[in-house]
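Asker: Sequence:
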Amino acid sequence: YAKVMFNEQAEITIGKDDKSKKYDEASAWIESVFQHNDFKRNLSKYLEPAMALGGLVVRPYFNDQSGQVEFSWALPDAFFPLESSTNKISQCAMAFKTIKTQGNKTFYYTLLEFHEWIDGEYWVSMELYESEKSNVLGMQVSLNTLKQYEEFEAAVHGEEIERPIFSYFKTAGFNNINPYSPLGVGVYDNCKRTLDRLNKALDAFDHEIDVGKRRV
1060 YAKVMFNEQA
1070 EITIGKDDKS
1080 KKYDEASAWI
1090 ESVFQHNDFK
1100 RNLSKYLEPA
1110 MALGGLVVRP
1120 YFNDQSGQVE
1130 FSWALPDAFF
1140 PLESSTNKIS
1150 QCAMAFKTIK
1160 TQGNKTFYYT
1170 LLEFHEWIDG
1180 EYWVSMELYE
1190 SEKSNVLGMQ
1200 VSLNTLKQYE
1210 EFEAAVHGEE
1220 IERPIFSYFK
1230 TAGFNNINPY
1240 SPLGVGVYDN
1250 CKRTLDRLNK
1260 ALDAFDHEID
1270 VGKRRV
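In terms of my numbering, the sequence shown is residues 1060 to 1275.
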């Protein structure tokens, strides 16, 4: 299903029909960003769970070490709208998991990244939580607890930003499970009961075949 929507054979261009070539530089830059991030392969890969779960989030950021614009991906179970309408999501929180083992103990870290508009200005703030249980958020700790976040600032103010720097894709169709939610629904969500009945019927059919074999 996801492969039909998008695959690595897709071509992305900007201003291809403009003979003035004024978009050539922008098109070349965007293509270099896509190639650096292996965008086509990653989008094709993430679309599979996105179609099952109802959506997908991608956020660009600048990596100081590589000097490149890179993409961070999040599935719906790690994406939480903070302010939205049925048409758009203007503020959100995203969760990124990290597992670290020290001796006989395993620690679960969750980085919460908040995208908010405060007094008309765009702010990105981050909080890191530590827990010894995978299903518990735990206690807030310093960002420098993990090496990968030690250079991160707790809050960053974005200048001259007029729209959110994350992009949310949702599956086509109306969300009839939660009509007031801006989030999408998985392609199977409306037929779970039917699929469950088919599964039970198949199990019963297989059981009858097994019993019949033993009788013979």
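Hints are computed from structural coordinates only; laboratory data are not their basis. It is possible that part of the hints are untrue.
Said to hold, decoys possible - In silico lysine to aspartate or glutamate, EDC-like type, Cα no more than 20 Å apart, as pairs:
1) K1147 <-> E1084
2) K1206 <-> E1221
3) K1206 <-> D1123
4) K1229 <-> E1142
All values reported here derive from a predicted model rather than from experimental measurement.
Asker: Hint by hint, say whether it matches the structure.
Answerer: Comparing the hints with the structure gives:
1. Restraint check for K1147 and E1084: not satisfied, since their Cα atoms lie roughly 31 Å apart, outside the 20 Å limit.
2. Restraint check for K1206 and E1221: the C-alpha separation of about 32 Å exceeds 20 Å, so the hint is violated.
3. The hinted pair formed by K1206 and D1123 meets the criterion: a straight-line CA distance of about 15 Å does not exceed 20 Å.
4. Distance hint between K1229 and E1142 is fulfilled; the C-alpha atoms sit about 16 Å from each other, no more than 20 Å.
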